[in-house]
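Chemist: The lines below spell out each chain.
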Amino acid sequence: MTIAEIARPRSTRHPKVRSRRQGLPWFAIIVLGLTVFAAAFAHLLSPYDPNIMSLGSRLKPPGWIGPDGLHLLGTDSIGRDLFTRICYGARVSLLVAGIGVVFGGGMGLIVGIVAGYLGGRIDSVLMRLTDVFMALPSLLIALVFVMTVGPGLVTTIVALSIISWSRFARIIRSEVLSLKERDYVLLARVAGCSPLRVMAVHILPNVTNTFVILCSLQVSELVLTESTLSFLGAGVPPPTPTWGNMAADGRDFLSNAWWISVAPGLALALVVYSFNAFGDWLRDKLDPRLKQTR
Amino acid sequence: MSEPLLKVVNLEKRFALRGGRKAAQPASEVKAVSDVSFEIGAGETFSLIGESGCGKSTTAKMILRLIDPDGGAIWFDGEDIAGFEGSKLTHYRRSVQAVFQDPYSSLSPRMRIGSAVGEPLVVHGVGSRNDIRDRVRQSLEQVGLRADAMERYPHEFSGGQRQRIALARALVLDPKLIVLDEPVSALDVSVRAQIMNLMKDLQQKTGVAYLLIAHGPDTVRYMSHRVGVMYLGRLVELAEVDQLFARPSHPYSQALLSAALPTHPSQHRNEIVLSGELPSPLNMPQGCPFHTRCFRDRVEACFSTRPELRTIVPGQSAACHLA
Amino acid sequence: MTLLEVRGLKTHFFTRQGVVKAVDGVSFDLDRGETLGIVGESGSGKSAMSLSLLRLISPPGEIVEGEVRFDGVDLLQLDEAQMQTYRGRHMSMILQDPLSSLNPVLTIADQVGEGIILHDRIRGEKLQRRLIELMQLVGIPAPETRLGQYPHQLSGGMRQRVVGAISIACRPEFLIADEPTTALDLTIQLQYLNTLKDIQRSENLALLLITHDLGVVAKMCDRVAVMYAGKIVETGTVEDIFDRPKHPYTVALLNSAGSLDKVERLNSIEGQPPSLADLPPNCAFYERCPVRFERCLTPEVPPLFELAGGQQARCWKHE
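Chains as they are written, first to last, in the working numbering: chain A, 19 to 312; chain H, 676 to 998; chain C, 19 to 337.
Bear in mind the hints are in silico, worked out from the structure with no lab data behind them. Certain hints may be false.
Stated by the list, open to error - Below, a sample of chain A positions facing chain H; criterion: calculated Cβ distance under 7 Å:
id: 1; residue: LEU204
id: 2; residue: ALA209
id: 3; residue: GLY210
id: 4; residue: HIS220
id: 5; residue: PRO223
Idealized CB from N, CA, C, for every residue including glycine.
Based on the sequences and whatever the hints tell you, model everything.
Modeler: The structure is reproduced here in structure tokens:
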């Protein structure tokens with residue numbers, strides 16, 4: 019045995035060049051890729067219409083071959099093809115969650131930077147408002163909002179933005195608080211930059227990493243919330259298929275046609291898991307503390 | 676003497692402390708800087724020396740208008756900077772620049788060197804795109820960097836090179852005063868000498884004045900014309916650099932200079948080891964602020980009256996009853 | 019008597035950017051009661067070297083070669099459990115930052131006592147007496163009160179003294195101090211260095227002092243090793259190094275150090291040290307060297323040449 023072998027720490031299995039970051043989360047990427055693909059090309063992927071009833075093909079199990087062809091994931095209580103509806107549902111889910119994150123995140127980003135950088139009374143007011151939104155259960159806020167305005171696609175998106183901005187604001191603000199004490203921010207002020215310029219040129223680019231990570235983690239939560247809302251009948255109203263209202267449809271048939279609820283539920287679980295895994299990976303990759311270059 | 680470039684008069688800064696762990700304790704105030712007055716002439720290097728918490732950096736920040744003083748005034752080119760707003764303030768910002776200690780946090784990691792150095796020009800709307808490029812190039816060459824640095828990002832540069840970039844940025848507007856807050860203390864010995872030489876050369880070439888904040892006497896000795904020694908937020912001695920290093924009058928200055936490490940193993944300096952710790956600024960000593968650690972034979976007045984700065988010999992003044 | 023013998027120590031870091039040869043064949047001896055200064059700039063490998071002696075290098079770093087003989091035992095041959103009995107008990111370390119070296123939620127007594135309880139297994143009255151003795155040794159006034167306090171209640175200088183007390187709590191024979199005063203103010207630094215010297219004398223410690231400050235070396239050390247780019251480029255007694263430096267890098271370091279005397283111009287060395295991941299095949303100082311000649315271009319690292327009085331220099335001039 020050479021000295022080098024002994025001197026090596028006990029776990030000698032790892033290769034010499036040990037990457038500190040995990041490899042790409044391939045499973046998550048594939049799931050998300052397929053989901054996006056299915057959402058974008060739902061109308062090409064399946065010969066069936068997601069909303070046309072076919073009473074002859076009610077409650078058929080996965081793999082049932084009907085007169086009109088194969089029903090991969092079976093059919094629901096009024097004979098609609100579940101696979102088709104899941105693909106169309108992905109469209110709604112991703113669209114709603116995506117736009118919700120963009121609006122909510124953008125709003126939170128602005129609030130966070132302004133509150134953190136300007137401080138003082140503006141900060142207090144904005145942060146108290148954030149506290150209120152953080153303190154109330156997000157689902158409750160969304161439900162109350164939807165009940166007041168009335169359900170619909172746009173309402174759902176607005177509801178999701180409302181519940182997601184406060185978390186962005188809180189985290190971005192704390193990051194800005196440390197950034198604004200950096201020397202380069204002080205030097206920018208010495209050079210005569212206006213507060214607006216400091217925020218846009220010196221602060222914003224340095225919080226983008228955090229923002230991107232937050233977005234990817236928040237999307238999964240919004241997908242879940244949207245489904246919950248739909249499940250409760252307060253989301254996107256039927257007949258537009260969403261994973262939430264599809265799962266709700268299956269409630270009464272759990273004993274004899276479990277697949278109606280399980281198929282969209284499984285899709286939801288996979289997508290939420292994948293967004294989380296992807297977000298975690300992104301955080302490891304972008305977090306400056308793990309970077310070696312100083 | 677002609678009108679100085681910068682004149683600081685009875686400057687004062689208090690920081691409010693939130694009540695401590697005892698919630699009932701009322702918010703108290705700490706005087707970070709009190710009664711500080713000095714002048715800097717055009718093309719001159721004035722240094723503030725002292726240990727951490729002595730108020731030297733706070734003084735620098737007030738001059739840079741990063742924080743506002745609670746008392747006293749700062750006059751620049753004959754005008755009180757406290758009242759500067761709008762175009763006056765813009766003009767002041769063009770005339771006074773800064774270089775800070777940590778070369779790793781002085782540059783935004785997401786900004787190319789060219790944009791960072793050129794930013795003051797952009798902000799002040801000086802010249803066209805091409806003019807700006809030219810001046811940035813000139814400025815970088817002035818500090819010994821090649822023009823191709825413009826396209827690169829800060830992480831590609833070492834500490835010494837980043838400090839050069841910081842200097843280039845400070846110089847790009849042709850300021851009259853640059854505040855140097857510990858500009859070399861984060862650098863390695865061999866690089867430190869490069870940067871100090873560079874700063875001296877630049878002063879000779881451009882006639883810029885420096886306010887140097889430092890804790891190391893050797894840096895101050897090498898760089899400055901006049902020096903102010905600070906202790907617990909006050910100036911305890913003000914002198915020409917040669918006078919201070921030849922005959923420090925205030926006991927704290929004496930102790931500080933004697934604490935400098937030897938430059939040769941056989942050199943045995945008469946070390947003055949100060950007893951005790953820096954008093955907490957919350958609990959400032961009565962009388963002379965230094966009397967708790969003073970090694971001289973203290974007199975009655977040391978415990979009762981705070982000594983004012985008074986002239987010891989022309990060009991040198993100290994705040995000590997015994998000097 | 020030689021306590022520590024280091025031979026051909028190599029510590030490399032296997033990073034994505036390539037193999038960083040932080041320590042590349044370092045050899046030296048250290049006697050009991052002796053202070054050896056390791057001088058170098060950031061990136062010279064001096065800290066990686068000191069961590070290697072305690073085997074505290076973690077991946078992607080690895081000690082790839084060499085011997086570290088402590089009292090005749092090669093530490094690199096021990097298993098981790100055996101090594102742990104050496105750390106703290108026989109060899110100890112003071113790090114640069116006194117704040118991050120102390121655990122904020124434990125009292126001073128807990129932290130100073132931890133090693134004593136672990137290695138000496140004493141408790142109660144006896145432990146208390148030992149703690150107070152230690153606190154007095156490192157010059158902390160009112161030790162009884164201080165022991166019950168938490169790190170945040172102490173000033174920077176006091177904290178660094180506590181760190182010192184922890185490091186000598188188990189009466190080690192060998193102490194590494196890695197830039198122990200860089201975070202301290204000048205007057206506090208003086209106090210601290212004097213205390214360190216007193217402790218070293220009274221405990222007959224072998225002290226390895228890692229620093230970039232030649233003033234600290236001049237004040238504290240018996241012998242000096244100058245490191246550049248992962249290698250020792252010159253060793254000798256402190257007088258030899260200051261009076262008769264033989265390597266151009268040592269000369270340059272001495273010339274660029276500041277002083278309290280009037281100096282018109284500092285002689286600075288231009289350029290930067292080479293990257294440890296991309297060392298040239300010839301002398302690593304070649305690019306910055308003011309006295310280089312043809313020999314220095316040969317793609318071969320100069321060996322340490324033996325000179326008069328045990329002084330050694332890694333420069334072709336002395337071939």
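Chemist: So, for every hint listed, does it hold in this structure?
Modeler: Each hint, compared with the structure:
no., hint, in the structure
1, LEU204, "6 Å, holds"
2, ALA209, "4 Å, holds"
3, GLY210, "3 Å, holds"
4, HIS220, "5 Å, holds"
5, PRO223, "4 Å, holds"
Violated hints: none; the structure is consistent with every hint.
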